[in-house]
Amino acid sequence: MRKVVTAPAAVLSTPGAEVDACDPGIVELAGELVAIMRASPGCVGLAAPQIGVSAQVFCVDVTGHPKAATTHGEFVLCNAKIIEASRWRPGREGCMSVPDLTGDVRRAARIVVEAVRPGTGEPVTITTDAFEARALQHEIDHCAGKLFLDRVAGAHAVYQRKVYL
Amino acid sequence: MHELAITVIGPDRSGIVADVSEALAEVGANLTDSTMTRLRGHFAMTLICNGLSSQDAERALGPLATGGLIATVRPVEPEVDEAPAGEPYLVSVHGADRLGIVAAVTRVVAAAGGNITDLTTRLTGPLYLLVAEVDVPPGTADDLGERLAVVAAELDVDVSLRRSDSEIL
Ligand SMILES: [Zn+2]
Numbered sequence: 001m002r003k004v005v006t007a008p009a010a011v012l013s014t015p016g017a018e019v020d021a022c023d024p025g026i027v028e029l030a031g032e033l034v035a036i037m038r039a040s041p042g043c044v045g046l047a048a049p050q051i052g053v054s055a056q057v058f059c060v061d062v063t064g065h066p067k068a069a070t071t072h073g074e075f076v077l078c079n080a081k082i083i084e085a086s087r088w089r090p091g092r093e094g095c096m097s098v099p100d101l102t103g104d105v106r107r108a109a110r111i112v113v114e115a116v117r118p119g120t121g122e123p124v125t126i127t128t129d130a131f132e133a134r135a136l137q138h139e140i141d142h143c144a145g146k147l148f149l150d151r152v153a154g155a156h157a158v159y160q161r162k163v164y165l
Numbered sequence: 001m002h003e004l005a006i007t008v009i010g011p012d013r014s015g016i017v018a019d020v021s022e023a024l025a026e027v028g029a030n031l032t033d034s035t036m037t038r039l040r041g042h043f044a045m046t047l048i049c050n051g052l053s054s055q056d057a058e059r060a061l062g063p064l065a066t067g068g069l070i071a072t073v074r075p076v077e078p079e080v081d082e083a084p085a086g087e088p089y090l091v092s093v094h095g096a097d098r099l100g101i102v103a104a105v106t107r108v109v110a111a112a113g114g115n116i117t118d119l120t121t122r123l124t125g126p127l128y129l130l131v132a133e134v135d136v137p138p139g140t141a142d143d144l145g146e147r148l149a150v151v152a153a154e155l156d157v158d159v160s161l162r163r164s165d166s167e168i169l
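Chains as they are written, first to last, in full-length UniProt numbering: chain A, 1 to 165; chain B, 1 to 169.
Keep in mind the hints are simulated off the structure, nothing from the lab.
Ideal Cβ placement from N, Cα and C applies to all residues, glycine included.
Each hint should be verified, as a subset may be incorrect.
[What the hints assert, rightly or not] Quick look at which bits of chain A chain B covers, simulated, 3 or more residues with Cβ under 8 Å:
1. 42-54
2. 95-108
3. 131-138
Sequences are here, hints too, so could you generate the full structure?
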């Protein structure tokens, strides 16, 4: 299984290419993302650049998370675009690719995303909120070559990530 | 490898950070962690660097004194691996300025075993504000909240204690 890439790494800062969602290689990539997400404790989302592949593919699963409201279970999206975003809220987030820092980032608490599913290429529109919306924005950022560090709210809004009991 | 802890304080103007970091870079210093802010118009910066002696650092920063900046340099031991932190909380206190707010509030935090990891206080007009990031021993936050409420009532200020979890995505 591929390992999660950590910053600094060029692939994390490179906008991912749009993909052909029906390409068997992309279906395989989707499966690999899901497998690594499931194998990583506490992981609620993973984007292709995080495993070294510069492509617009990510998976998300926030099922059971205390800050989630609407949830769509475990899913993989290709070529996702945010077409509506509202109710901006601050929140502190971290990333498996930036293991030692967290930061305060404003994210929309309600979004509409258009994407296609891997395998079928079926277009989907996902409307969601709260924590699932934050996770989607974080992963879509990865696919665009952005980290949460590019969006921190201020010079003193970055923190050393601590190991909590 | 030893590290240096450097502070620079003085009247603010544009270009101080560039001057300080350039002076240190010229003598081979590696800046690692740093923080800088303005406190009532005073420039205030604290930084850790390595790769040079304290004498070299002092010599490099010496010329800044002509602009009214005071730099101090001292060698420090590198960070040792810390024990796991407690639970992350944010404390906010605000109200009319009065003597001893910071002392009273932070004493309560310390007595409860909490560790302050970040702190800002501001006085603007009659309003005093304190915001602190605190690591609280697991399971003791409710108790700390009650103790803070008691001291806040004595000081006639408002206090809030809220969890500040990070979500790892
Ligand atoms: Zn991430």
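Worksheet entry | Hint check against the structure, violated hint numbers in rising order | none
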